[in-house]
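Engineer: Same order as they appear, the protein sequences are chains F and Z.
Residue 386, in our numbering, is where the first sequence stops; the numbers in between run on with no holes.
Residue 96, in our numbering, is where the second sequence stops; the numbers in between run on with no holes.
Hints were generated in silico from the structure; no laboratory data involved.
The model shown is predicted, which means the values in this text are computed figures rather than measured ones.
Honestly, I wouldn't trust all of these hints.
Derived DSS-like pairs (lysine-lysine); straight-line CA-CA distance at most 25 Å [stated by the list, open to error]: (1) Z:K45 <-> F:K56; (2) Z:K76 <-> Z:K26; (3) Z:K21 <-> F:K91; (4) Z:K45 <-> F:K95; (5) Z:K92 <-> Z:K30; (6) F:K76 <-> Z:K43; (7) Z:K58 <-> F:K56; (8) F:K91 <-> Z:K30; (9) F:K56 <-> F:K91; (10) Z:K84 <-> F:K150; (11) F:K95 <-> Z:K26; (12) F:K233 <-> F:K326; (13) Z:K76 <-> F:K56; (14) Z:K76 <-> F:K95; (15) F:K95 <-> Z:K43; (16) F:K91 <-> Z:K45; (17) Z:K76 <-> F:K76; (18) Z:K45 <-> F:K76; (19) Z:K43 <-> F:K91; (20) F:K215 <-> F:K233; (21) F:K150 <-> F:K382; (22) F:K326 <-> F:K305; (23) F:K76 <-> Z:K30; (24) F:K236 <-> F:K326.
Far from chain F by the CB rule (all over 10 Å, computed), these chain Z residues [stated by the list, open to error]: (25) I(-12); (26) E31; (27) T61.
Think of the CB as a built atom: it goes at the ideal place given N, C-alpha and C, for glycine as much as any other residue.
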Amino acid sequence: METIKIYLENMFGRLPETTETQRLKEDLLTTMEDKYNELKSEGKSENEAIGVVISEFGNIDELIQELGIEMEKPEKAVTEREAKVTELTHVLTEEEVGKYIQDSKRYNLCTAIGVFLCILSPISPIFTIAKFGENRGMIGFVVTLFLVAIAVGLFIYGGVSQEKYQYLRQECLELPKQLEIKLRKGQEAFRSKYISALISGVLLCIISPIPLLMWGIRDMEYLSRGISGIRSVCISLAIAAVAVFILVYFGTAKERYSLLLQTGEYTIERKQRNKKTQKLTESIGAVYWPVVVAIYLFWSFTRDAWSSSWLIWPIAGVLFAAISGIIQAIKGKDE
Amino acid sequence: MISSDVIRGYNDTIILYLLLDNPSYGYEISKEIKKLSEGKYIMKETTLYSAFTRLEKNKYIESFYGEVTQGKRRTYYRITDAGQSYYREKCEEWMLTKEVVDKFVKEGVL
């Protein structure tokens, strides 16, 4: 009996698993089993019975041919739907993906270095003031500004160059099978690297205040001597800078994989939802921000409240984030 | 034994004939064909089921589930009105075919 099942299973191996083929397989099995049972009850041996059943099975091609005509219709519907999807889907080529990975590696490094420099930049005035007195402090500030300028340059370079890959974030992507497998393997291999980077980044963040705290615990007289306290500030900042560099660099590398493989933040559903909410958020923003500016100017001029009116900016910023959050929640529910 | 090539065009007719009086299921039909043909024609399983598929697609037969017996749920088939008129057409076609082919068959050749 098992032999018949296996035989049938093998015969149907080439066929797609649809409800139709499934049902057909079941029906055929029942019929073949009926025949087998009857042959057995007629006194045939198991081998003989199986032999007869299998010899009278026929040719599976005959069924495939019949089903082929049957299945043509649903298949057409599927390909039509697929065609509709592909119109909106961006099919990536190996070349394109390779270029994106190369580019984004460079830009992400730029961003990470930029952040690193920003965090390090206060070291120079602190150091120069402590070492050479407040008069020379200006030199330190110049260095700071110089570092920040480089960082901003790097941010802009990275941001503008990434802009041409904006479609990767918004459109539905389709990867060639082989490329997808390659990327998945890459993602898998990257995961352990990412976890160790995340752990070391977070650990460094946590320990970064330690030099400062140690200095705080010790005699306050160090403050007057300056340099030791200053050194601890500098070391703390340097540790924090390295930590953030690691987090940014590996974080963006991880994002690169989820962007290309459309996982995490970048699943097709999310993209489609974002597309809908984005327009609404944009049009609200177009009204919202000018109103905020008007309130800011009105408040500041009429009350001469320049010293406190800036508070409107962080409040407005957080409030806008809340508004777009609500829009997304409501729109998401509509789905 | 009859070659399946020769009889191919009349597999549907044979099945419809067996459904004329009562609904039936796969094995019963297959057994019935063997019996009525006195063992001269054994319809292969794949032939039987591709005929069922085709006939059902053309709405000449309808399938339904019979009662569960011995833990098995059998698919039964019943002939439709369209199936009955198709059957009559096929019968007429066969009469004509037989008449024509007979004219070219010499009796007593063997």
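Engineer: For a C-alpha distance cap of 25 Å, please report whether F:K95 and Z:K43 respect it.
Structural biologist: Violated. F:K95 to Z:K43 sits at ~37 Å, over the 25 Å cutoff.
Engineer: Hinted pair, alpha-carbon criterion (25 Å max): Z:K76, F:K56. Please report holds or violated.
Structural biologist: Between Z:K76 and F:K56 the Cα gap is close to 36 Å, so the pair fails against 25 Å, i.e. violated.
Engineer: Is the hinted pair Z:K76 and Z:K26 satisfied, with a Cα-Cα distance of at most 25 Å?
Structural biologist: This hinted pair holds, its Cα atoms lying about 21 Å apart.
Engineer: Is the Cα-Cα distance between Z:K45 and F:K76 25 Å or less?
Structural biologist: holds, 21 Å
Engineer: Is the hinted pair Z:K58 and F:K56 satisfied, with a Cα-Cα distance of at most 25 Å?
Structural biologist: holds, 15 Å
Engineer: Is the hinted pair F:K95 and Z:K26 satisfied, with a Cα-Cα distance of at most 25 Å?
Structural biologist: holds, 21 Å
Engineer: Between the alpha carbons of Z:K45 and F:K95, is the straight-line distance 25 Å or under?
Structural biologist: Measuring from Cα to Cα gives roughly 39 Å; hence the hint is violated.
Engineer: Under the criterion that the straight-line Cα-Cα distance not exceed 25 Å, is the pair Z:K84, F:K150 satisfied?
Structural biologist: Answer violated: Z:K84 to F:K150 is near 73 Å, above 25 Å.
Engineer: Starting from F:K76, check that the Cα of Z:K43 is at most 25 Å away, please.
Structural biologist: holds, 17 Å
Engineer: Are the Cα positions of F:K76 and Z:K30 separated by 25 Å at most?
Structural biologist: holds, 15 Å
Engineer: Below or equal to 25 Å on CA atoms is what counts here, so check Z:K45 against F:K56.
Structural biologist: violated, 30 Å
Engineer: Is it true that the CA of F:K326 sits at most 25 Å from the CA of F:K305?
Structural biologist: Given that 25 Å is the threshold and the Cα spacing comes to 23 Å, the pair holds.
Violation of the numbered hints given earlier is confined to hints 1, 4, 5, 10, 12, 13, 14, 15, 16, 17, 19, 21, 24, 26 and 27; the remaining hints are satisfied by the structure.
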